[in-house]
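Asker: Take a look at the letters that make up each chain.
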Amino acid sequence: MADVLTYVLHYEGKLNKNSLGAVSEGAARASEVGGECHALVLGGDDLSDELCQSIGAYGATKVFRAKGAEGLAQPIIDAMAKVIGEHGHSYALFGGGLLGFEIGAGLAARMRAGVTMEVTGIRAEDGKLVAERPILGDSKISVSRYKGDLGIIIGRINAFETVAKDGGSAEVVDVDVEYSDWSNQATMVQRGEQRGADVDIEGADILVAGGRGLGKPEGFELAEALAGAFGGNAAVAATRAVVDAGWYPYAAQIGQTGKTVSPKLYLAAGISGAIQHKVGMQSSENIVAINKDANAPIFEFSDLGIVGDLNKILPKLTEAIKAKKGS
Amino acid sequence: MKICVLVKEVPDAAVEKRIDPSTGRLDRSGEKNLNPYDTHAIEAAMQIREGGAVEVDEIVAVTMGPESAVRALHKAVSLGADRSLHLSDAALAGSDVAATGYALSKALEKEQPDLVLLGQQSDDGECYTIGAVVADHLKMPSLTQVIQLDVQDGGLRCERQAEYGYDTVQVSLPAVISVGDAINEPRYPSLKAIMGARKKPLETVATGDVGIDASEVGEEGSRVQCGEFHDPEAKAAGQIIEDEDTDETVEKIVAWLDERKLI
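So the sequences go chain by chain: A and B.
Residue numbers for the first sequence follow the numbering used here, so the first one is 1 and each next one is one higher.
Residue numbers for the second sequence follow the numbering used here, so the first one is 1001 and each next one is one higher.
Bear in mind the hints are in silico, worked out from the structure with no lab data behind them.
What you were told as hints is all true, and nothing was included just to trick you.
The calculated lysine-lysine pairs, modelled on DSS-like cross-linking and capped at a C-alpha distance of 25 Å, are:
| # | chain 1 | residue 1 | chain 2 | residue 2 |
| --- | --- | --- | --- | --- |
| 1 | B | Lys1252 | A | Lys325 |
| 2 | A | Lys82 | A | Lys147 |
| 3 | A | Lys140 | B | Lys1017 |
| 4 | A | Lys312 | B | Lys1252 |
| 5 | A | Lys82 | B | Lys1139 |
| 6 | B | Lys1235 | A | Lys259 |
| 7 | B | Lys1261 | A | Lys325 |
Short, incomplete list of chain B residues facing chain A, as computed with Cβ under 10 Å:
| # | residue |
| --- | --- |
| 8 | Ile1130 |
| 9 | Ser1222 |
| 10 | Trp1256 |
| 11 | Asp1258 |
Far from chain A, some chain B residues (derived; all Cβ distances over 10 Å):
| # | residue |
| --- | --- |
| 12 | Met1001 |
| 13 | Gly1052 |
| 14 | Val1054 |
| 15 | Arg1071 |
| 16 | His1086 |
| 17 | Ala1090 |
| 18 | Gly1094 |
| 19 | Leu1202 |
| 20 | Ala1206 |
| 21 | Asp1209 |
| 22 | Ala1214 |
Just so we're clear, the structure is a prediction, and the values are computed from it rather than from any experiment.
The beta-carbon is built from N, C-alpha and C at its ideal position, and this holds for glycine as well.
Take these sequences, add in the hints, and give me the full structure.
Answerer: This is the structure:
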């Protein structure tokens, strides 16, 4: 028996897609090592019986429900440690995202377990689970094997596909958790604040994305002009660095804590291509990158790369596309 | 208040990183430098000191690593730390992230800090998680990826971007905070600070000095075994254009887009 425990994040009554991906993956892999997949949820009254049972559709047979403050990792570590301690799960699996990293790492410390992060593939081998993670800027894959009673697997965002079946319903088990003192030392003051205008990038066929290489907030005018030249269904997106710096709205952010997109054309201007960004756009149909640094990682996964100064290229490209459209 | 900043020596950004086939570990030979993400943590400590909302008695740079890691400590001191602590022991080689976090937490226990700061990730291991491991061993609250940090209401008011937008969290001390690189622009060290860094106190300790259980660290004590390094599925290499004549470059881009019916 090798059961898998996953954590399912929720917000305003909706379950997180990456968490459900972890449940689907956990259920598929657990069945290969003779176990079941369970899920743990933590929150308030919005965790209705119905919402918890619905995780069964993704393959969980049991859902452990704990009452507590949402959005912080340490209460969840307390809850998962208790459930694993009583039940004896062999693996804990997370779908990526900020909380998954924090919970997985803290749980590794608490349970003296091995942990692998950024996992993109899991397979069963001799009754055990083995995790694969890309390393060194995704240039190599490393294989992790676990020693001890518990192995912790933190997936890369979007690595696991959500697979819903009709009519699956999980058994809901309420758990009483006594939270540790240090978990109570952090309190959420405000959660999920949206900064900047509300823009829609998920429906766009063409995205012109800007990063720090745009140089200053006004640099986004070049990106907006180019998107305007494409017309129709084109929009402007941004990296986390420039959103955190206040250059562009949060709603336009691509990547790990932002949106995941797969437009027909993704034109990256002044974006180096950090992995946290890549995971949000790598399934775009066509990727064009403009960057002055020939060694920027983005050139390794773009279909067309231009090494040059975007301040020179973008205005001329905008004019050329306008001319082409007019012809 | 006493602040400890965790720092790490990493291969210089210009050095191509590779796995040493004989050891199965990252080849850490070649030029090294202070992990660039750590400079933001030191800067955050300096800004707390200079902010005046709380009296900072001491900023201590702490690292774990081989002898060469003292250079990262010197750099940290030149950026503002008052002294440094170097945990160095052959028994620690090959420790995974959980074992490294445990070892660092034992070194920190000796220092009894009110606040532990660190950068959001190391430039080489890309694990993002050491802070959360250290915090659980120290029984302290922890937040990662913090981009705004203020002393307020007897604790810290922290902001960060999480799954659904920006979160604001109040944390009481002692605590472990990992900062994102958007939190500040680290200052450059003055020539005087660089010259003076070697004269600041630097203490070196081994596992036994800080009560580390040797069976919990190193390759043997690690609970993940990594290996079988292989290449990912190759993606067809894209076309690269070096922009020399911008008109010509733009013409090529337009033709490329047009061919794929993207205009």
